[in-house]
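Trainee: Below are the chains, spelled out letter by letter.
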Amino acid sequence: NAGVTQTPKFRVLKTGQSMTLLCAQDMNHEYMYWYRQDPGMGLRLIHYSVGEGTTAKGEVPDGYNVSRLKKQNFLLGLESAAPSQTSVYFCASSVQGAGNIQYFGAGTRLSVL
Amino acid sequence: QQQVKQSPQSLIVQKGGISIINCAYENTAFDYFPWYQQFPGKGPALLIAIRPDVSEKKEGRFTISFNKSAKQFSLHIMDSQPGDSATYFCAAGGTSYGKLTFGQGTILTVHP
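Heads up: the sequence lines are chains A and B, in that order. Residues in the first sequence are numbered consecutively from 1, following my numbering. Residues in the second sequence are numbered consecutively from 1001, following my numbering.
Here chain A stands alone, though its shape is the one from the complex (with noise of 0.2 Å):
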């Protein structure tokens, strides 16, 4: 059972150039969220997702856009990259919303030059 897989585990880029990176589970959970982890912030909700083909906004969304076209992948898409979004990202999912346990992939550390 692989939980939570998010790819790649590592990116550069350059300011402007677009990636988008890719979270999977395999537990059927019905919400995935999108974080981004950086020094004494803590972690901060990019995007959520409460179900196949929703999404809303977290607490940090603007330069990112999602998708959750399948009910098991949530995709996290940069239109074009700015030094700011040097982070560790991570992906997680819940059965459902808070008061369930959130599992989380193992970060995706981009960095843009």
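No lab work stands behind these hints: they were computed from the structure. Just so it is clear, CB atoms sit at the ideal spot from N, CA and C, and this is done for glycine as well. Some clues are possibly wrong.
What the hints assert, rightly or not - Okay, derived cross-link-like pairs now, DSSO-like style, lysine-lysine, Cα gap no bigger than 27 Å in a straight line:
#: 1; chain 1: A; residue 1: LYS57; chain 2: B; residue 2: LYS1005
#: 2; chain 1: B; residue 1: LYS1057; chain 2: B; residue 2: LYS1015
#: 3; chain 1: B; residue 1: LYS1058; chain 2: B; residue 2: LYS1042
#: 4; chain 1: B; residue 1: LYS1005; chain 2: B; residue 2: LYS1058
#: 5; chain 1: A; residue 1: LYS57; chain 2: B; residue 2: LYS1042
#: 6; chain 1: A; residue 1: LYS14; chain 2: A; residue 2: LYS57
#: 7; chain 1: B; residue 1: LYS1005; chain 2: B; residue 2: LYS1071
#: 8; chain 1: A; residue 1: LYS70; chain 2: B; residue 2: LYS1042
#: 9; chain 1: B; residue 1: LYS1058; chain 2: B; residue 2: LYS1071
#: 10; chain 1: B; residue 1: LYS1058; chain 2: B; residue 2: LYS1015
#: 11; chain 1: B; residue 1: LYS1057; chain 2: B; residue 2: LYS1042
#: 12; chain 1: B; residue 1: LYS1005; chain 2: B; residue 2: LYS1042
#: 13; chain 1: A; residue 1: LYS70; chain 2: A; residue 2: LYS57
#: 14; chain 1: B; residue 1: LYS1015; chain 2: B; residue 2: LYS1042
#: 15; chain 1: B; residue 1: LYS1042; chain 2: A; residue 2: LYS9
#: 16; chain 1: B; residue 1: LYS1068; chain 2: B; residue 2: LYS1005
#: 17; chain 1: A; residue 1: LYS14; chain 2: B; residue 2: LYS1042
#: 18; chain 1: B; residue 1: LYS1042; chain 2: A; residue 2: LYS71
To be verified - Quick look at which bits of chain A chain B covers, simulated, 3 or more residues with Cβ under 8 Å:
#: 19; stretch: 38–44
#: 20; stretch: 48–58
Said to hold, decoys possible - Restraint ranges, calculated between C-beta atoms of paired labels, are given here:
#: 21; chain 1: A; residue 1: VAL50; chain 2: B; residue 2: GLN1081; range: 33 to 41 Å
#: 22; chain 1: B; residue 1: GLY1016; chain 2: A; residue 2: LEU113; range: 44 to 52 Å
#: 23; chain 1: B; residue 1: SER1069; chain 2: A; residue 2: LYS71; range: 36 to 44 Å
#: 24; chain 1: B; residue 1: ASN1067; chain 2: A; residue 2: LEU113; range: 41 to 49 Å
#: 25; chain 1: B; residue 1: GLY1016; chain 2: A; residue 2: SER80; range: 49 to 57 Å
#: 26; chain 1: A; residue 1: LYS57; chain 2: B; residue 2: LEU1046; range: 21 to 29 Å
#: 27; chain 1: B; residue 1: GLU1026; chain 2: A; residue 2: THR54; range: 25 to 33 Å
The hints should help you fit chain B onto chain A, whose structure is shown.
Mentor: Then chain B, alone, in the frame of chain A:
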């Protein structure tokens, strides 16, 4: 807007000592308070959680103390071990919400 404030940012304790991490929240609608543990290079994992109908929850060496009137909760790690060295995050959420709000994190180092 940061609705959950966590302190200290970093903590160093000796093996066998007690580690204490504190969190304060603002939203009185929150009714679920988990703590997550994160080792270097890994994603966070749930350590222990509490709901406001109890003031304390204990699981092994880990205890959450909850003060509803003060809107504060804390994690106590008894008999701290080097293997407890990690980053700890508190979080808060409401069962009517679809998400958690995390604190800033505490880097715990336990010296042998």
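Trainee: Each hint needs a verdict: does it hold in this structure or not?
Mentor: Now the hints, each set against the structure:
no. : hint                               : verdict
1   : A/LYS57 <-> B/LYS1005              : holds, 22 Å
2   : B/LYS1057 <-> B/LYS1015            : holds, 23 Å
3   : B/LYS1058 <-> B/LYS1042            : holds, 25 Å
4   : B/LYS1005 <-> B/LYS1058            : holds, 22 Å
5   : A/LYS57 <-> B/LYS1042              : holds, 25 Å
6   : A/LYS14 <-> A/LYS57                : holds, 25 Å
7   : B/LYS1005 <-> B/LYS1071            : holds, 11 Å
8   : A/LYS70 <-> B/LYS1042              : holds, 25 Å
9   : B/LYS1058 <-> B/LYS1071            : holds, 19 Å
10  : B/LYS1058 <-> B/LYS1015            : holds, 20 Å
11  : B/LYS1057 <-> B/LYS1042            : holds, 26 Å
12  : B/LYS1005 <-> B/LYS1042            : holds, 23 Å
13  : A/LYS70 <-> A/LYS57                : holds, 18 Å
14  : B/LYS1015 <-> B/LYS1042            : holds, 23 Å
15  : B/LYS1042 <-> A/LYS9               : holds, 11 Å
16  : B/LYS1068 <-> B/LYS1005            : holds, 15 Å
17  : A/LYS14 <-> B/LYS1042              : holds, 26 Å
18  : B/LYS1042 <-> A/LYS71              : holds, 24 Å
19  : 38–44                              : holds (count 5)
20  : 48–58                              : holds (count 4)
21  : A/VAL50 <-> B/GLN1081: 33 to 41 Å  : holds, 38 Å
22  : B/GLY1016 <-> A/LEU113: 44 to 52 Å : holds, 45 Å
23  : B/SER1069 <-> A/LYS71: 36 to 44 Å  : holds, 41 Å
24  : B/ASN1067 <-> A/LEU113: 41 to 49 Å : holds, 46 Å
25  : B/GLY1016 <-> A/SER80: 49 to 57 Å  : holds, 52 Å
26  : A/LYS57 <-> B/LEU1046: 21 to 29 Å  : holds, 25 Å
27  : B/GLU1026 <-> A/THR54: 25 to 33 Å  : holds, 27 Å
In this structure, none of the earlier numbered hints is contradicted; all agree with it.
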